[in-house]
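K.L.:
Listed below, chain by chain, are the residues.
Protein chains: 2
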Amino acid sequence: MTREKLYLYDTTLRDGQQTQGVQFSTPEKIQIAKALDVLGLDYIEGGWPGANPTDSAFFDEMPKTRARLTAFGMTKRAGRSAANDDVLAAVMNAGTQSVCLVGKAHDYHVTTALGITLDENLENIRASIAHIVAQGREALYDAEHFFDGYKDNPDYALAACRAALEAGARWVVLCDTNGGVLPSEVGRIVGEVIGAGLPGDHLGIHTHNDTENAVACSMAAVDAGVRQLQGTLNGLGERCGNANLTTLIPTLLLKQPYASLFEIGVGRDALSGLTQVSRMLDDILNRVPMRQAPYVGASAFAHKAGLHASAILKDPSTYEHIAPELVGNARIIPMSNQAGQSNLRRRLTEAGLSVEKGDPALARILERIKVREDEGYSYDTAQGSFELLARDELGQLPEFFEVKRYKVTIERRKNKYNKMVSLSEAVVVVKVDGEKRLSVSESMDETGTDRGPVNALAKALTKDLGRYSQVLADMHLVDFKVRITQGGTEAVTRVIIDSEDATGRRWSTVGVSPNIIDASFEALLDAIRWKLIHHGEAR
Amino acid sequence: MTREKLYLYDTTLRDGQQTQGVQFSTPEKIQIAKALDVLGLDYIEGGWPGANPTDSAFFDEMPKTRARLTAFGMTKRAGRSAANDDVLAAVMNAGTQSVCLVGKAHDYHVTTALGITLDENLENIRASIAHIVAQGREALYDAEHFFDGYKDNPDYALAACRAALEAGARWVVLCDTNGGVLPSEVGRIVGEVIGAGLPGDHLGIHTHNDTENAVACSMAAVDAGVRQLQGTLNGLGERCGNANLTTLIPTLLLKQPYASLFEIGVGRDALSGLTQVSRMLDDILNRVPMRQAPYVGASAFAHKAGLHASAILKDPSTYEHIAPELVGNARIIPMSNQAGQSNLRRRLTEAGLSVEKGDPALARILERIKVREDEGYSYDTAQGSFELLARDELGQLPEFFEVKRYKVTIERRKNKYNKMVSLSEAVVVVKVDGEKRLSVSESMDETGTDRGPVNALAKALTKDLGRYSQVLADMHLVDFKVRITQGGTEAVTRVIIDSEDATGRRWSTVGVSPNIIDASFEALLDAIRWKLIHHGEAR
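Chains as they are written, first to last, in full-length UniProt numbering: chain A, 1 to 539; chain B, 1 to 539.
Hints may contain errors.
Same chains, same label: a pair holds when it works inside one copy or across any pair of copies.
Straight-line distance between alpha carbons at most 25 Å, and here's what the computed DSS-like set of lysine-lysine pairs gives [what the hints assert, rightly or not]: (1) Lys459 / Lys407; (2) Lys416 / Lys404; (3) Lys419 / Lys436; (4) Lys419 / Lys404; (5) Lys414 / Lys463; (6) Lys431 / Lys463; (7) Lys431 / Lys34; (8) Lys5 / Lys64; (9) Lys463 / Lys481.
No lab work stands behind these hints, which were simulated from the structure alone.
When you get a sec, could you build the whole thing from the sequences and use the hints?
P.N.:
What follows is the structure in structure tokens.
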């Protein structure tokens with residue numbers, strides 16, 4: 001049986017950016033777009049060119065993708081031609097292969113929000129879509145408030161869609177803009193729309209999660225015949241978010257009848273990177289990943305109930321709807337039992353440390369991790385610090401050098417041009433091979449910009465470590481994450497540092513302290529010690 | 001038309017406690033149960049008496065409720081009578097009016113996980129339910145893995161349900177234990193079950209959110225005829241959680257066809273306390289409430305898109321599916337680079353700044369926000385800094401004092417007991433009323449713990465501001481958020497500080513710099529300036 005193509009359209013960079021508190025920079029947008037492209041999305045909506053400098057810069061700087069990069073905008077305004085509408089012109093100027101325009105499909109909004117006649121609105125849709133097509137681009141029409149509009153005035157909602165299709169739109173996207181429609185209504189209305197002659201393979205669905213049904217509404221629309229599905233990574237989006245592609249993709253790929261009926265751009269290989277893509281987005285947003293997220297959450301395959309955990313050991317399918325590896329996730333069984341120790345041994349093996357089953361060090365390592373996590377540490381991502389902790393318990397951690405003391409000074413004052421400037425300076429005192437060494441560095445980079453106290457500290461620490469300095473020369477910081485968390489009863493700062501060296505490998509280390517500089521210093525120290533242990537190894 | 005009764009069954013205290021990281025104390029369980037009772041739930045499942053001390057204590061101490069308090073357990077084991085099963089006896093001893101027992105409905109689990117015959121399992125269900133009924137209690141049977149079981153062996157799954165009904169069970173609850181079933185399957189299977197003669201008004205539905213469809217599956221089951229719905233507050237529960245009652249309740253009460261078809265225990269009055277109940281649970285769990293949560297999330301009625309915000313001002317129903325007041329929530333129009341002038345004016349009004357439509361200052365403020373957001377600032381949540389920026393453009397920002405310079409020193413060294421300790425010290429120089437003032441503070445708190453450089457800086461800054469120090473005495477930091485973001489092409493640090501004063505009001509301010517101490521200082525300064533402007537006002 002030939003499977004039908006189901007198109008996936010991502011709007012993380014546009015509707016996802018409507019999430020309260022989310023503001024992507026241009027480099028972040030590019031990073032996300034590349035990840036979406038690797039994942040296998042068919043369309044990537046990049047933003048609204050002309051609406052703000054970040055979106056415009058993104059389209060200027062975005063490299064070629066396999067996915068169709070799409071610019072978003074709105075249908076031309078009444079009283080001018082499509083060619084003379086400056087807002088539309090800015091959208092066209094982004095030069096994308098596909099252009100998606102939102103326009104009203106609900107009569108009430110045409111007369112109330114826009115204050116124009118119903119016919120003028122249809123003409124705006126028609127002329128705008130025709131303008132895109134005339135320029136050789138692919139046109140999409142987002143039928144705003146389609147479902148509410150259809151319930152009030154089905155003829156007008158359909159007329160808006162037909163105006164776009166007749167003008168050459170490749171897709172008409174049925175939008176539940178307010179997010180209030182329920183799955184059963186979506187199924188019924190899409191059925192009627194297709195019954196009225198609109199072709200399902202030219203229809204898309206765009207839903208919001210205001211009743212926690214965005215995923216279900218999307219699936220109901222696919223069941224009823226639409227062939228393009230819009231959503232966002234991690235369900236970002238205006239108000240309660242958009243349909244969550246991180247959930248929909250594995251469901252479409254792994255569950256019946258979808259797996260047999262449809263061909264989607266995401267393959268099994270890409271699917272196994274889904275958890276990582278989801279975490280990457282949280283990292284960019286500096287959000288704590290949602291533990292309970294379907295498929296990709298840290299708790300999605302955690303088996304807390306005692307009855308469940310013991311059955312899982314016999315056969316994972318007893319309490320798992322899919323195998324966690326398929327989406328790049330992992331099973332969690334409480335550390336306290338036997339399964340906890342085998343999990344730990346697997347992780348140690350990954351770090352190149354082989355420990356016999358039943359070795360008492362395993363229980364000691366588990367206990368120490370538990371105590372540290374209680375203090376605010378987190379070893380989920382900080383694999384480097386995890387390895388050092390384990391090595392310490394196993395007696396396999398050399399003491400390369402000893403830090404005697406350090407001191408960081410941050411000053412802000414007027415410079416000789418009467419401008420406020422800041423400068424940090426760090427002094428580090430270490431003992432290497434029995435010899436005491438003092439180093440000092442400042443935070444100014446080549447351009448004269450203050451890069452801050454952690455930068456100064458990192459430079460001073462690696463500057464003079466005797467025979468080790470050479471080894472550390474190719475190492476640099478690639479990311480620095482700070483989170484305020486709870487350690488015991490007091491708020492503490494958790495710093496996670498990602499480092500990289502010339503072999504291209506990356507490692508993460510963690511530090512915790514009420515003092516952010518001290519937490520950073522601890523993570524830096526771990527990063528250096530990890531590098532010294534592994535410096536001879538190829539990637 | 002008479003509305004049919006739809007029963008609501010809460011399992012926050014039992015299945016909700018299976019959430020990773022959740023462990024309620026007995027007083028917390030009592031507090032939650034009381035809130036559920038006020039809300040109008042029909043059943044409150046309190047836990048598994050005998051399984052742990054907290055659950056047993058809860059049933060001992062729980063006061064009378066209007067809702068039926070229900071004890072949870074499992075069907076008796078094979079090879080002994082119901083009366084002689086000690087696990088079942090502990091459940092009965094809790095003395096509740098209703099008792100719910102989970103038992104297998106999937107043939108594979110009977111033979112694999114339990115290792116008994118299919119007939120033995122049916123007998124265990126029958127005898128256990130009959131035992132409950134014989135003691136004058138109401139009996140419920142949770143048909144574990146019902147949907148997976150029905151797909152594999154429908155006759156056996158139905159036989160398990162019939163065994164419970166024939167033995168006198170008031171309810172048979174169809175459970176999707178692994179959470180993998182989709183809404184369309186639930187609809188079809190429940191239809192077949194009722195078609196096979198099982199009465200819908202004796203059937204319940206219990207779903208999990210592993211495909212983000214727990215709410216949709218519950219509604220599909222109600223559509224198909226079940227009349228009891230199980231779930232948890234805020235969707236707590238094993239793995240990805242249970243069906244979210246915080247979402248289902250307003251949907252059933254406010255949306256068609258449910259509002260016309262069904263009578264539920266929750267009334268309009270109780271509904272208006274829903275947001276508060278949801279936040280109370282997060283408070284108990286010390287969780288940050290999920291902003292994007294449907295109905296009750298802080299972002300559920302936040303309108304970030306400029307086009308949306310201006311229409312909302314004309315008529316809220318243009319972009320809201322229900323009025324936020326109905327669930328005790330509130331509308332938010334945040335600031336962002338996508339916001340229009342009407343959005344801005346509304347937000348200025350909220351800050352007590354009235355600006356005429358068309359005032360050129362509006363365009364200047366928007367422009368400055370855009371530039372600042374490009375640098376890494378974010379004004380969505382930092383309402384305090386937004387107001388200061390606007391006041392500055394409007395010429396309504398007094399210069400209370402001038403910061404001439406500051407210096408922070410962070411030192412880590414061995415103390416006299418040869419233990420590594422850290423200490424921070426901050427010196428701030430300000431000019432107030434023409435007079436220069438130097439202040440110094442250190443980061444040690446009363447317990448001798450180093451609270452870090454930002455703490456020292458905050459103390460030094462407020463220590464001696466002349467006539468202003470008195471005003472600032474009741475102000476303190478309540479939260480401190482740090483994220484590394486992109487400002488232009490370089491990584492910068494964004495710090496958001498939440499402050500509070502004796503009136504109980506809170507305000508948020510933001511600072512951005514490559515230097516984390518400097519970013520913190522900027523946010524601190526804004527926090528102080530905001531307080532000085534508003535110090536005379538009541539909350």
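K.L.:
Take the hints in turn and mark each one as holding or not.
P.N.:
Consistency of the hints with the structure:
no.: 1; hint: Lys459 / Lys407; result: both (13 Å within a copy, 20 Å between copies)
no.: 2; hint: Lys416 / Lys404; result: between (36 Å within a copy, 13 Å between copies)
no.: 3; hint: Lys419 / Lys436; result: between (39 Å within a copy, 19 Å between copies)
no.: 4; hint: Lys419 / Lys404; result: between (36 Å within a copy, 11 Å between copies)
no.: 5; hint: Lys414 / Lys463; result: between (29 Å within a copy, 22 Å between copies)
no.: 6; hint: Lys431 / Lys463; result: within (13 Å within a copy, 39 Å between copies)
no.: 7; hint: Lys431 / Lys34; result: neither (45 Å within a copy, 51 Å between copies)
no.: 8; hint: Lys5 / Lys64; result: within (23 Å within a copy, 58 Å between copies)
no.: 9; hint: Lys463 / Lys481; result: within (23 Å within a copy, 31 Å between copies)
Checked against the numbered hints above, the structure violates only hint 7.
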